[in-house]
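Peer 1: Sequence:
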Amino acid sequence: MHLRKIAAAAIAGLLVLTGTAAAAPRELTSQTVFNNPRGDGEDRIVKHLVEMIHGAKKGSSIVAAAMVFEDRRVIDALLNASRSGIRVTVIYDAANDDADKLLEKLKEAGNGSRAVICTDDSSNACIGSGRMHSKFFLFSETLGAKNVVSVGTANLNDDSAENTFNSWYTETNNEGLYKYYGGYVEDLLAENRDNNYYDHRKPREFEGIKAYFYPRGDGGDTFANTLRAVKCDGGTKIRIANYSFSRKAVAEELLRLAEAKCEIEIIVAKFHETACKMLVGHKNVRAWGFGFLQPYVHEKNLMIQGHYSGAANQRVVWTGSHNLNTNSLSLNDETVLRIMNRPSAYASFVSNFETIKKRAVERDRGDCPWGTEL
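For what it's worth, UniProt numbering labels the leading residue of the sequence shown as 1, then goes sequentially.
Hints in this document: simulated from the structure, not taken from any laboratory.
Glycine included, each C-beta is placed from N, C-alpha and C at the ideal position.
Accuracy of the hints is not assured; some may be wrong.
Simulated restraints on C-beta separations [unchecked claim]: (1) 114 with 47: 38 to 46 Å; (2) 111 with 282: 31 to 39 Å; (3) 29 with 111: 24 to 32 Å; (4) 189 with 281: 45 to 53 Å; (5) 372 with 193: 24 to 32 Å; (6) 203 with 344: 21 to 29 Å.
Cut-off 20 Å, straight-line C-alpha distance, at most; resulting in silico cross-link-like pairs (EDC-like, lysine to aspartate or glutamate) [what the hints assert, rightly or not]: (7) 47 with 76; (8) 277 with 362; (9) 237 with 259; (10) 357 with 162; (11) 202 with 175; (12) 237 with 218; (13) 358 with 162.
Kindly produce the complete structure, drawing on both the sequences and the hints.
Peer 2: Laid out in structure tokens, this is it:
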């Protein structure tokens, strides 16, 4: 009797272990990922991308676009995926080392996989006249999720992981958004030049996520217009984490809101003189930069908490590849997502902002401009 109990327990234990070993991988959900330069999380974004690539279903498709495409882990994962029957499309700026080698290796897969280098005689962009600066991945199906759109701020090289703060947002099971980005991919591949592409592929919202595409050539400034929709009633707070800030129209709107008693916090790696001197030193504006050889912000995030677009108590994030400079607005291929009233996503962006703030250096007006050596 005792032996039968032992045997039964052993079999039960074996079944538990077998069940654990055979458990399906976790299903991908919409989420944010942030890296921690020179810390225990410097590779979080790369690991997130590689996990999604490895999880892609056989026969599915992956699109990967970035200005700099050098991280061997991502490249090797994409090459392995293409050899496993997954159709891989890579789009990148011409300023990449060994770009031709990646192109040839993807062609060797023989399943329609391809790499496209955006360039002509005067531009490294596919659509605009500047750079192909967009940073996004599309997965038709991966880790149990379909129609995945993954947009971030990081270049795919060591510098982005080790020396700069970056963010990445992944949206799952959003068919409308996925198809709209699919149209963008076709336009990038066709390399039809359009310095007012913003008007061709207009901003559109899908299930609370709004997509924007650039360059914009009509003289308008999307981020300045966004700030015009903000009111300072009830303690509205604006947070900006951006690599490069030079646009006067955006600075003017922020100054107007500061005068109206909105609370404004800005973390900038490169703060150009005109915008910097307009804002830094105002009693309702605080600003942070970075010391020499210190990890700096490479994000392009705007967070609004409060009265926005005619409604109070909003929590909104804009994130993507778009710096607050002229190139991102009117020259480069760029993309941005607006994430509207998703409390957990908003909270994660704010938490990340506070983390960066602790590692940055608060500046005053006498420090303007800063970061111009970057």
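Peer 1: All hints, please: hold or fail.
Peer 2: Right, here's what the structure says about each hint:
| no. | hint | result |
| --- | --- | --- |
| 1 | 114 with 47: 38 to 46 Å | violated (26 Å) |
| 2 | 111 with 282: 31 to 39 Å | violated (57 Å) |
| 3 | 29 with 111: 24 to 32 Å | holds (29 Å) |
| 4 | 189 with 281: 45 to 53 Å | holds (47 Å) |
| 5 | 372 with 193: 24 to 32 Å | holds (30 Å) |
| 6 | 203 with 344: 21 to 29 Å | holds (24 Å) |
| 7 | 47 with 76 | holds (13 Å) |
| 8 | 277 with 362 | holds (15 Å) |
| 9 | 237 with 259 | holds (13 Å) |
| 10 | 357 with 162 | holds (17 Å) |
| 11 | 202 with 175 | holds (17 Å) |
| 12 | 237 with 218 | violated (29 Å) |
| 13 | 358 with 162 | holds (17 Å) |
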